[in-house]
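Positions 14 to 397 (my numbering) are the ones given, in order, by the sequence shown.
Hints are computed from structural coordinates only; laboratory data are not their basis. Just to be clear, a hint being listed does not mean it is correct.
[Said to hold, decoys possible] Once the Cα atoms are required to be at most 35 Å apart in a straight line, the calculated DSBU-like pairs of lysine-lysine come out as:
#1 Lys-395 - Lys-217
#2 Lys-105 - Lys-164
#3 Lys-295 - Lys-63
#4 Lys-137 - Lys-105
#5 Lys-164 - Lys-131
#6 Lys-163 - Lys-217
#7 Lys-285 - Lys-68
#8 Lys-334 - Lys-63
#9 Lys-295 - Lys-189
#10 Lys-138 - Lys-92
#11 Lys-105 - Lys-92
From a predicted model like this one, the values you see are computed outputs, not experimental measurements.
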Amino acid sequence: MSIRSHIVTQGRNENSTCVYFPTCQGCSHWHISYQEQINQKINQLSNIFKMHGLKHPPIDFISCGESALRTRVDFTIQKLTPCQQVMGFYNKQKELLDINTCLQLMPALQNFYSEFQKIQFPIKKGSARLRVGPSGLKGCWLDFSNLDIKKLLDDPVFFNQFIEHNIEVEVGQKGKRVIRSNAGYKLADPIPMAWFETYDQNLKPLPLKGLVSDFTQPSWLTAQTMTSLLFEWTANLTEGASVIEFGPGLGQFTIPLLTKGFKVSVYESNSKATEALQLNAKELNLAAHLQIQLGDFQNAAVAAKVTPELVLVNPPRSGLKKFTYELIKTQSKKCIYISCFPESMANDLALLTAAGYTIQDLKIVDQFPQTSHYETCVLLEKII
14 MSIRSHIVTQ GRNENSTCVY FPTCQGCSHW HISYQEQINQ KINQLSNIFK
64 MHGLKHPPID FISCGESALR TRVDFTIQKL TPCQQVMGFY NKQKELLDIN
114 TCLQLMPALQ NFYSEFQKIQ FPIKKGSARL RVGPSGLKGC WLDFSNLDIK
164 KLLDDPVFFN QFIEHNIEVE VGQKGKRVIR SNAGYKLADP IPMAWFETYD
214 QNLKPLPLKG LVSDFTQPSW LTAQTMTSLL FEWTANLTEG ASVIEFGPGL
264 GQFTIPLLTK GFKVSVYESN SKATEALQLN AKELNLAAHL QIQLGDFQNA
314 AVAAKVTPEL VLVNPPRSGL KKFTYELIKT QSKKCIYISC FPESMANDLA
364 LLTAAGYTIQ DLKIVDQFPQ TSHYETCVLL EKII
């Protein structure tokens, strides 16, 4: 068993205790020492790989801190009475808990959440997301019903409290932006902003634009750790190397690969994500070596004109599915697989190892301390 710590500027005090544990369902491991959490996660991953007959080197555990990492938070808002409102997470009985503080939030996000709790919403129930950006941006996504959104927009002063506190507001599944109008407020097309960051080959931060409602890693602190790992595993690739990436999203790993001068072809199923990726690459003067394929990458064929030196995959929880066979067809000598769901990953890895790939390096990046979840990063190479 190999354990390595990664020191970051955020992290909870060892004496901190969540006052909502164990009632709140957000975290399950506050009663377990962090060292024991490390042991449990390593043992769980090792057992999953063993069940699939996967041979692997010692598991390297990378800690990014024991809490206070998250730069976004999703929660529910519920109006109990005209004068009583609840914001927070659910308990085992599926009752909404009024959460005032969460130790998982970065201090800037906790401050924003505390500020946001003062807003009284004239709706029965809805979901919300808050984000803070690296530069101090504050944004919220209100995933409310169309009727509730209309009700809020019809109120000429409701959104004043957001504008006065420099809070960017998105609403609905399309992430429409709330802006001022002559009569009050209206919806406008979304504008991507730097809610996240990625890194160049020297780990210099680069703005990663998207919407508050877009998917990202839970924290740019943990994303930096994984980007550093990506650079470590691609150190022997030269400028101009051909790379295929499946599931790039906004470009968290695509942009770093492009900064190394690699030629990157990506396969992505989300059209909004590809638009943001194209924008990010263009604004960073990296678009020349980027090709984007839009479609259902789990069921698509890879139109690779050359054998890539590297394939990078970061699939959803369901794994690669049929695309594992497409990955094998690329004949790439090196593959990096990143996943937050080790069970589906192990299924895919079993197919890859049967096709001649071997697991050269295996790391857990603890993006979700105080829970049973974690990110697994695997380096595979094909031995010819």
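Worksheet item: Taking each numbered hint in turn, which are not upheld by the structure, reported in ascending numerical order?
Response: Numbers 3, 6 and 7, in rising order.
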